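Trainee: If you want the building blocks of each chain, they are given just below.
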Amino acid sequence: MQLHRDLDAFHAIGAELHVIGNGSPSFIDGFREQTGWRGPVYTDPSLAAYRAAELKRGVTNTLDPRALMPTVKAFLGGGKQGRVQGDQWQQGGVIVIAPGDKVIWQHASDRPGDNAPARDILRALGVHAA
Amino acid sequence: MLHRADDLAALTVLDEHGASIALGTLWKDKTAVLVFVRHFG
Chain A
2 MQLHRDLDAF
12 HAIGAELHVI
22 GNGSPSFIDG
32 FREQTGWRGP
42 VYTDPSLAAY
52 RAAELKRGVT
62 NTLDPRALMP
72 TVKAFLGGGK
82 QGRVQGDQWQ
92 QGGVIVIAPG
102 DKVIWQHASD
112 RPGDNAPARD
122 ILRALGVHAA
Chain B
22 MLHRADDLAA
32 LTVLDEHGAS
42 IALGTLWKDK
52 TAVLVFVRHF
62 G
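Going line by line, the protein sequences match chains A and B. Final position of the first sequence in our numbering is 131; the numbers increase by one with none missing. Final position of the second sequence in our numbering is 62; the numbers increase by one with none missing.
Hints were generated in silico from the structure; no laboratory data involved. Some hints here could point you the wrong way.
[Claimed, not checked] So, partial list: chain B residues that the calculated Cβ filter (under 8 Å) puts toward chain A:
| no. | residue |
| --- | --- |
| 1 | H38 |
| 2 | I42 |
| 3 | F61 |
[Claimed, not checked] Covered by chain A, according to a simulated footprint, are these stretches of chain B (three or more residues, beta-carbon under 8 Å):
| no. | stretch |
| --- | --- |
| 4 | 24–37 |
| 5 | 43–54 |
Nothing here was measured: the structure is a model prediction, and the numbers come from that model. No residue lacks a Cβ here, since even glycine has one placed at the ideal position from N, Cα and C.
Construct the complete structure from the given sequences, taking the supplied hints into account.
Mentor: Right under this line is the structure:
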């Protein structure tokens, strides 16, 4: 299940879904094009937020120099990064934070395809989704 | 599992125009679901 398909359910309970990636802000346009996502997107080039969110394997993978190579190549080539294999929505993790800095739900992906199901998050938010 | 997001709140991220945004502003008034993706493309 991909979270963005349940965006309406999150909006209905007054929550907003924010996507955070890493790399140059210039990659955000490409992400929007490839996924059709219209909501808020930010980038965390320093990966400080990834670390602070305690994304286990996600951090390890992200910090692996090999994982950064396509980005480096794109910079050196001066062009847009080519199509990537796999899911643009592959998550490093999801964290749900309420006003007052309260963490109310968290999921750290530990392998490809291990994405947080929207229904689990909605349940944590007190919504009983079908 | 984190219980508090104080550390996160103080960090900044960049929007698509390169402007700095304090993460804490995202959940100042409403609950924020932060989806960290592995890569942008």
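Trainee: Could you check if I42 (chain B) really has its C-beta closer than 8 Å to a C-beta on chain A?
Mentor: Since the shortest Cβ distance to chain A is 6 Å, the answer is holds.
Trainee: Does the nearest C-beta of chain A fall within a distance shorter than 8 Å of the C-beta of F61 (chain B)?
Mentor: holds, 4 Å
Trainee: At a Cβ distance under 8 Å, does chain A reach at least three residues of the stretch 43–54 of chain B?
Mentor: holds (count 10)
Trainee: Given H38 (chain B) as an interface hint, is its Cβ closer than 8 Å to any Cβ of chain A?
Mentor: holds, 7 Å
Trainee: Mind taking a look at whether chain A covers the stretch 24–37 of chain B? Criterion is 3 or more residues with CB to CB distance under 8 Å.
Mentor: holds (count 12)
In summary, this structure violates none of the numbered hints.
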